[in-house]
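Kindly generate the complete structure, drawing on both the sequences and the hints.
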Amino acid sequence: MKKKLFYFIFSMLVVLGLGSTAAVATETPSASNSSATSVKTVDYLAALNKGANNINGSDVGDVWQALALKTSPIGLSQYQKSVTKEILIKSASTDLSGTELEKAIIGVALIGDDPTNFQGQNLIKKLTDEMNTTSKVSLFPEIYAIIALSTNDYGEASDKTKAALVSDLLSQQNSKGVWNSTDSTGMVLQALAMNKTLPNVQTAIDKAIDGVKKNCYDPATGDFIDPTSSFSKVANSSSDAMLITGLAACGADVGVGLTSGGVSPIAALVGYQKSTGEFKWQMDQDGAIAMSTEQAVYALDQYDYFKNNKGSIFNFKKASVTPVTPPEDNSNKGGESNPIVIVVPQANSQTTPSSPATTTTVVTRTVVSKTQKNNSKPSAKKNLKLGKKTPVKVIKNQKIKTRIGKLKAGSYIYRNSRLSYAAHYTKNYRGAKYVTRRMMVRTRTGKKAVFYYVHNHYVSGWVRSRYVNFVK
41 MKKKLFYFIF SMLVVLGLGS TAAVATETPS ASNSSATSVK TVDYLAALNK
91 GANNINGSDV GDVWQALALK TSPIGLSQYQ KSVTKEILIK SASTDLSGTE
141 LEKAIIGVAL IGDDPTNFQG QNLIKKLTDE MNTTSKVSLF PEIYAIIALS
191 TNDYGEASDK TKAALVSDLL SQQNSKGVWN STDSTGMVLQ ALAMNKTLPN
241 VQTAIDKAID GVKKNCYDPA TGDFIDPTSS FSKVANSSSD AMLITGLAAC
291 GADVGVGLTS GGVSPIAALV GYQKSTGEFK WQMDQDGAIA MSTEQAVYAL
341 DQYDYFKNNK GSIFNFKKAS VTPVTPPEDN SNKGGESNPI VIVVPQANSQ
391 TTPSSPATTT TVVTRTVVSK TQKNNSKPSA KKNLKLGKKT PVKVIKNQKI
441 KTRIGKLKAG SYIYRNSRLS YAAHYTKNYR GAKYVTRRMM VRTRTGKKAV
491 FYYVHNHYVS GWVRSRYVNF VK
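Count along the sequence shown from 1, then add 40; that gives the number in my numbering.
One thing to keep in mind: the hints can contain errors.
Unchecked claim - In silico lysine-lysine, DSS-like type, Cα no more than 25 Å apart, as pairs:
| hint | residue 1 | residue 2 |
| --- | --- | --- |
| 1 | K253 | K216 |
| 2 | K166 | K216 |
| 3 | K130 | K166 |
| 4 | K247 | K314 |
| 5 | K166 | K357 |
| 6 | K350 | K90 |
| 7 | K273 | K236 |
| 8 | K90 | K314 |
| 9 | K236 | K314 |
| 10 | K130 | K165 |
| 11 | K90 | K320 |
| 12 | K216 | K273 |
| 13 | K273 | K320 |
| 14 | K166 | K176 |
| 15 | K273 | K247 |
| 16 | K253 | K236 |
| 17 | K200 | K236 |
| 18 | K216 | K200 |
For the record, the hints were derived by calculation from the structure and aren't laboratory data.
Since the structure is predicted, the reported quantities are computational estimates derived from the model, not experimental observations.
This is how it looks when you write it as structure tokens:
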């Protein structure tokens, strides 16, 4: 009798235990608006700030780096704007066309200058004339042209050209609802996001979002994969970033799984981040890590814009047009203090695609850039003298091959602003053509150093490449 009573009590406990377990399992998914969601949100913000700080730790050498910083909680310092403007001025001095012209317009609008009157040129008219006289514009120049013309209000002629380009873009949407690849689909959505009021655009966006869910999204990992593409066949952060940017700009919540029980694309993207803040291209290889990092950061920027109902990261209509003076040659100016505003949604806050804004706690701290720390010391330009082992005086536009030959053993040649090696002891420097300027600085360890900025055709940009000789 006692044995029967024991088994009865034991079986009841098992049933009760299973019942409570089932209750927990049922409640967990529905707690998406509780502290679990808050933790995920903080993770994406931490990843965004970490990635932006990584970019902020080096010279801005490209419009896309400037975009990633400007739209992040860190923002662009006045010095970084001036460096970006210097790059754009040198770019505008050439015969711009195609995607380089479109990128220049985005950059000029980004720093708050006027693309209709930049260095005596009307870049908007130049672009609309080019688009209107080209019989067939290929996909990527067409996408960038729409984005460039959507950065601000540029008048009736611009709007007319943009509407024609959008119409052509819509005609290239395939039966699955997407375009050529995951990357191009993400970029198309970025362009369409700012033009939803044009005919058939919203319908195309809805079809594309559905097509991405069905044909590109991997619910097991949150990545976007395109089996028909040689580039996107394997999951990678760049393809994820392109589609995250496009989907978030169009109002799709990529912070949750796109299908029931799926991993969120944001979680997938954050998974590529290294401890340095950089984003690997693939899980098992860094690839072009600088580019992957830029793309991942502005993808997280766009998701942050979505969460706070701020529209597209390419919409600079609210930016004031303030002339920015580029830095003079041989100067050693540092970045300004950059406030970081970390927006942390509160636990139990409700977030829906139709109303992405949440109750927030704003925490502000100040980041002092490395260059600003250097500037706390006496001006290197005035107080430091060149040592005997410093190379001979640099002549502007002197050919770099001659210049490299005069560097001493032990000098390091850096490929880009992240100081990743392209050559050591002056060998194998790809693409460098001309010296542009020379600058004395003091390093963080107190060493004196001479930096020579060069024009490098291998890496886009003028001030992004440099070689340095330490003065003992």
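Pair hint outcome, K273 versus K236 [Cα-Cα no greater than 25 Å]
Roughly 30 Å separates the two Cα atoms, so the pair is violated.
Given the hinted pair K166 and K216, is their Cα-Cα distance within 25 Å?
violated (35 Å)
Can you confirm whether the C-alpha distance between K253 and K216 stays at or below 25 Å?
holds (10 Å)
Distance restraint between K166 and K176, which requires alpha-carbon spacing of 25 Å or less
holds (17 Å)
Between the alpha carbons of K216 and K200, is the straight-line distance 25 Å or under?
Violated, at about 29 Å.
Tell me if the straight-line CA distance from K130 to K165 falls inside 25 Å.
holds (19 Å)
Would the hint linking K216 and K273 be met if the CA-CA limit is 25 Å?
holds (17 Å)
Under the criterion that the straight-line Cα-Cα distance not exceed 25 Å, is the pair K90, K320 satisfied?
holds (14 Å)
Between K273 and K320, does the CA-CA distance stay at or below 25 Å?
Within the cut-off at roughly 16 Å; holds.
Is it true that the CA of K247 sits at most 25 Å from the CA of K314?
violated (35 Å)
Decide if the proposed pair is consistent with the structure: K253 and K236, CA atoms, cutoff 25 Å inclusive.
holds (20 Å)
Taking only the CA atoms, is the gap from K90 to K314 under or equal to 25 Å?
holds (10 Å)
Consistency with the previously given hints fails for numbers 2, 4, 7, 9 and 18, ordered from lowest to highest.
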